[in-house]
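Residue numbers (the working numbering), protein chains in the order written: chain H, 87 to 334; chain B, 925 to 1329.
Read the hints as simulated data drawn from the structure, not as lab findings.
Take the hints with a grain of salt, since some may be wrong.
What the hints assert, rightly or not - Simulated restraints, written as ranges between beta carbons of each label pair: (1) 146(H) - 928(B): 29 to 35 Å; (2) 928(B) - 89(H): 35 to 41 Å; (3) 281(H) - 1296(B): 23 to 29 Å; (4) 1328(B) - 89(H): 35 to 41 Å; (5) 1307(B) - 221(H): 42 to 48 Å; (6) 163(H) - 1213(B): 42 to 48 Å.
All values derive from a computational prediction rather than experimental measurement.
Just so it is clear, CB atoms sit at the ideal spot from N, CA and C, and this is done for glycine as well.
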Amino acid sequence: MNKSIIQVNQLKKDFYVGEITVHALRGINLEIKQGEFVAIMGTSGSGKSTMLNILGCLDKPTSGSYFLDGISMGELSKNELAGLRNMKLGFVFQSYNLLSRTSALENVELPLFYNPKIKSKERRERAEAALEAVGLSDRMHHMPNQLSGGQQQRVAIARSLVNDPVVILADEATGNLDTRTSFEIMALLQDLNQKGKTIVFVTHEADIAKFMTRQVVFRDGHIIREELVTNRNNAVELLKALPIDETA
Amino acid sequence: MNYLNSIKIALNALKRNKFRAFLTMLGIIIGVASVIVMLAIGQGSKKSIQDQMAGMGTNLIFAFPGGEQKGGVRMGNSDAQSMKLSDVEAIEKDCPAISDVSPEVRSSGQAVVGNQNWPTSIFGVNNKYFNIRKYTIGSGRSFTENEINTYAKVCLVGKTVVTNLFGKINPIGQTVRFGNIPLLIIGILGEKGENGMGQDQDDLIMAPYTTVQKRILAITHIQSIAASAASENLNAAAIDQLTKSLRSSHKLKDKAADDFQVRSQSEMVQTFSSISDIMTALLGAISGISLLVGGIGIMNIMYVSVTERTREIGLRLSVGGRGNDIMMQFLIESILLNVFGGIIGISLGIIATKVMSSILNWPVVITTISVVMAFLVCSAIGIFFGWYPARKAASLNPIDALRYE
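One chain only, chain B, in its complex shape:
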């Protein structure tokens, strides 16, 4: 049997019923397009989460108090006062895998300028913190060692705070009051936008940690430690070294539990990625069902088509077509329908994805693997759902088929 001939015969048969062929393909077209779009949305959201996490600093490691016990009573994390500045200094000294480390103290409250006020947070940090959290200095300057040592009343403000308190006035050199403490604005932070969870990362004020500790919170401990690993590969080593350093600083015995917790950004990236992987799988499965329905639609039409074309099959058998030839014809018809439908569906899916990303601004990523998969699945559906009707056509008795009314 000549396969080229089989393909020609199948193509001719499809050409005779263009509209029906198109309607049959529609199921596959929609199925494939929705698979492509859904996977693109899933992959896109995963990528956007990863990007935003990376924007927060991929090497980021947090340590905060936790798991502390006082006389057998386990304390909550927030009121634990176990972390000291000396811990930070020890980490700086003990941990070669950590490039930058900063103490962190936070307070929230109302920032006031003239007759304007705005609820925001103040972060007390050292000047390595900008690097750790991937903040840039948009304009102005960061604070100096001397300012840290003297609890200087200086601060840097985020874009959101600037917009709400100053409008179009340049805030550098102005004073903002936070909890009745006047702070001189020495710089503006570069814009970061929202993070992966929709939090505005520009709605904050940064001041020397000493200033926040002594002047605003009136405390001597620090609330958490932010550090960054020297490189992404050193993440695990950095966490290990930081844990050891903190344990030795806190004089914990070998068997004692940590009185602090360590979280790294890469862990969070993994968590969120796996969530969006599940979402992608779910979306893919739902659109996979529509692909399956499309496949059944093709089987249905092929089956009806075998019955409707019984006489044609009888004629083909009588002029010398063998059972195999008839089988190939119907199988190839089914495969062609699926493959054409698949190609149209893939193009449509890609177009829909592009439209969606440009109009709705959704993050989308079309991966080669999803296109290849969709195409392979289509061909497989063509063979799988074409097989039964083709088998039926091939097994017809030519005498009965010729007489079929």
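Chain H with its partners taken away, still in its complex shape:
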């Protein structure tokens, strides 16, 4: 049995907008084990983004407990949460969020800048290794505006890998990409997952969710469905099946 990376019990999150209280999460229980590739699905307003923010230690729950890699985040201060994000988490965003006019390599180095234990030589080596892992070793010194959308997202994935996190949190990571590029990104993530990375992927697209090992569906702050994916899609095979000239 693999060890538990994410352990959430009776998690609730309320927002107060004026006099009205919005119950974004109404008692979530979720466990994600090492090596899983979990899709968090749901329509907008279902609470999946709130869930991701809490999983990403960007927001604190109103009640309930959350253990990340055995650490209870409820008692941590703002700075300790930042430290946790730096050491244990990797983020991939829909709009890449790369620093403009900054080379791919420097973008990937970014998280390591906030880890005082890492010296500049190690920082560079790790960033180069992460870019190699996403297949961009020949684009290290390119600026984001010299890269295609798919390549930019690869840089973002490399950035999320560089600190060797226990889990990668992806938020609609294929939302801005065409089908072929989406599949390429999914192939990369499946490959990383194969090598042992735990990935949580928020999406509202059912066919993207089919690349993952488990689906968790949110609605109105509850988990309404949770199931293992049967007939899991293989991105590499689907890519081969795509007509080659689709984009030409």
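Starting from the known structure of chain H, fit chain B onto it as the hints suggest.
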């Protein structure tokens, strides 16, 4: 937090916007440069006044009649006849702090040589006067005791008089008429140039005081006394001794007011220095305002930059940057902008000052203190005006910052 990392991050951020960084610095550059230039001009004019005053003789003390009353009527200074040659002799005897003393009588009029004439002044003095007023004998000789005693019709002329009356002819041995009295030129005074108030110090004729008294003015009194203290430190003692000597010579009772006034060069130096100090402060304040405007410019850009880079801040927070790290980044950016701007401004100011002194011939003095001050003020402005935008950046919520459009 690693400060070296913070500096690297800030430098990288500035490098990404080189042109904007330069434009932002421009305000500080101009502000600092103008502070340096203005202070250099102010200090320079002060120094040039002091130098010129020193050229006139720093130990110089003047005594002239004044405050005299005749039957309750207070008399003007010019027509008072209270000073006598005996006063000078008494000063020579009574005042150990005074090294040289000379009577002074003056007249102005037309000097005539052949068909040339020139309006100038004649000074009747003894031969210690040259030393008191820091005049040198350029060529020829000074007058002798015997010439003084015999009202000899001899004189020394200043450069301006020579130029206007003789052109290129050597005037020594020639005769110049002043008020119909022919005077033999026995020497030329060394050139002194203008004094601090723009007066030509070479436009004069010097003759024995007896000659001017008897032959030109037909008077027996003297108009003023020029003396010099033995050293700068003895200035106050010299003034004191001279006052006492004159009071006793004039037989003034203890309670009676002085019937003369004493002025010293060092007093005048102080007066003019304080005037130019005020001018320096004024110039400094005006350019200080431009420095302030430059600082506000930096705050403005930093503030806009925080808004523009909200997503970047969100990203930095999400990858593990703490509020403090973000704060340090923006604060260091602001300080770097100011310090770089300050360094460029200081160099530019120094260059501008040098150019000004070589092209316009303005007296300028760059003091270390003005450079150090400008630099410190820049760093302080960096912190002061960087603080608010940095605070704002650090307080952003990462979730909102990441979604910011």
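Status of each hint after checking the structure:
no.	hint	verdict
1	146(H) - 928(B): 29 to 35 Å	holds, 32 Å
2	928(B) - 89(H): 35 to 41 Å	holds, 37 Å
3	281(H) - 1296(B): 23 to 29 Å	violated, 59 Å
4	1328(B) - 89(H): 35 to 41 Å	holds, 37 Å
5	1307(B) - 221(H): 42 to 48 Å	holds, 45 Å
6	163(H) - 1213(B): 42 to 48 Å	holds, 44 Å
The structure fails to meet hint 3 from the earlier list, while all remaining hints are met.
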